[in-house]
Amino acid sequence: MARRDAPEVNAGSMADIAFLLLIFFLVTTTIETDSGISRKLPPWQPEEQEPPVIKQRNIFTVLVNRNNELLVEDEFMEIEELRQAAFEFLDNGGGTGDEACDFCQGPGDPSSSVNPQKAIISLVNNRGTEYGTYIAVQNELVAAYNQLRDREAQRLYGKSFTQMEKEYNDPNYTGNKEKLKEQIGAIKDMIPQKLSEAEPTS
Amino acid sequence: MSKFKKKTNEGQPAISTASLPDIVFMLLFFFMVVTVMRQNTLMVQNKLPYADQVEKLDKKDLVMYIYAGKPSPRYQERFGTEARIQLNDKFASVSEVQQFIFAERETKREELIPYLTTALKVDEETNMGLVSDIKQELRKAEALKINYTTLQGDALRNME
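Heads up: the protein sequence lines correspond to chains A and B, in order.
Each residue of the first sequence is one higher than the last, beginning at 1 in full-length UniProt numbering.
Each residue of the second sequence is one higher than the last, beginning at 1 in full-length UniProt numbering.
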């Protein structure tokens, strides 16, 4: 018997098979990463502690009721105005002497905060508040802090705070990261995010 | 002269498709590598709220997911319409959150534990009561880094 050559395998359908697999993986792929508002919870303290004494003028109270309505500093407010109100509270700079704020541009109202280091925003929810509303309020308050931080970073270092953080987290950033970290830390010290959340009322 | 005439009659040669499988395979491998299969099947409604002051949540292996919301329509017959917590692939009660955190920590390397973040994927219609209960449990379990997962967009849209 004469030895015959093995016939060539037809590879024409290989593309079809590969396409099938490709489409499957295309459909199941989720490339996008999650994003959201990051927060740090206070550590658990089982026993009741004496709350530190804080002057009323340094507290900015935001109450949200079960109908998703806002009560800010004992006045009814729409969510659209919250960011500006919080910003004005932080930037007030009503302190004198040791408590003076050297960069604030607010009017120095004696009934509002002395400086951003002392200012505390207190958020109280109702158990019936919708989560969407809560996130909107959180978002606006964080935005107020970022607005002030951006302004100061722009003044001191010539670029906004959000830009600095973005560059710090960018692995391809070629500048001096140590210096950048220092600058971010300085801004954070200048304007700390003091957002206190109380237990929800029922 | 005839030399030149011959060529004009031949027409366009067919494009070789021999390298097509190679190209497709290249794409295939790319998508195979970047694909992340969904870890959990959602059993709750999960329409996330919008926010624009967001930070990205990189390093997916360092994130623990807690879902909460109303049970999906096909589970409503058995579990009702009251908002529930979902951990892994099943509904859970508030008291099981701590257990879940400890179990998740067990699976991670020890030096990575301080970097673990808990992502709360909560439906926007959920009441804050449930969310605060989860937060209290997280505080007890010392999982203090949390992230409220949101969609990117104007936060005022949540109020509608």
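Since the hints were derived computationally from the structure, they do not count as laboratory data.
One thing to keep in mind: the hints can contain errors.
Claimed, not checked - Taking lysine-lysine and the DSBU-like style, the derived pairs with C-alpha atoms no more than 35 Å apart in a straight line are: (1) K118(A) x K108(B); (2) K108(B) x K179(A); (3) K55(A) x K145(B); (4) K181(A) x K90(B); (5) K194(A) x K59(B); (6) K177(A) x K55(A).
Claimed, not checked - Some chain B residues well away from chain A (every beta-carbon gap over 10 Å; in silico): (7) I15; (8) M43; (9) P71; (10) K90; (11) S95; (12) A103; (13) E104; (14) L112; (15) I113; (16) P114; (17) L116; (18) A119; (19) R139.
Source: prediction; values computed, not measured.
Just so it is clear, CB atoms sit at the ideal spot from N, CA and C, and this is done for glycine as well.
So which hints don't hold here, by number, going up?
1, 4, 6, 18 and 19
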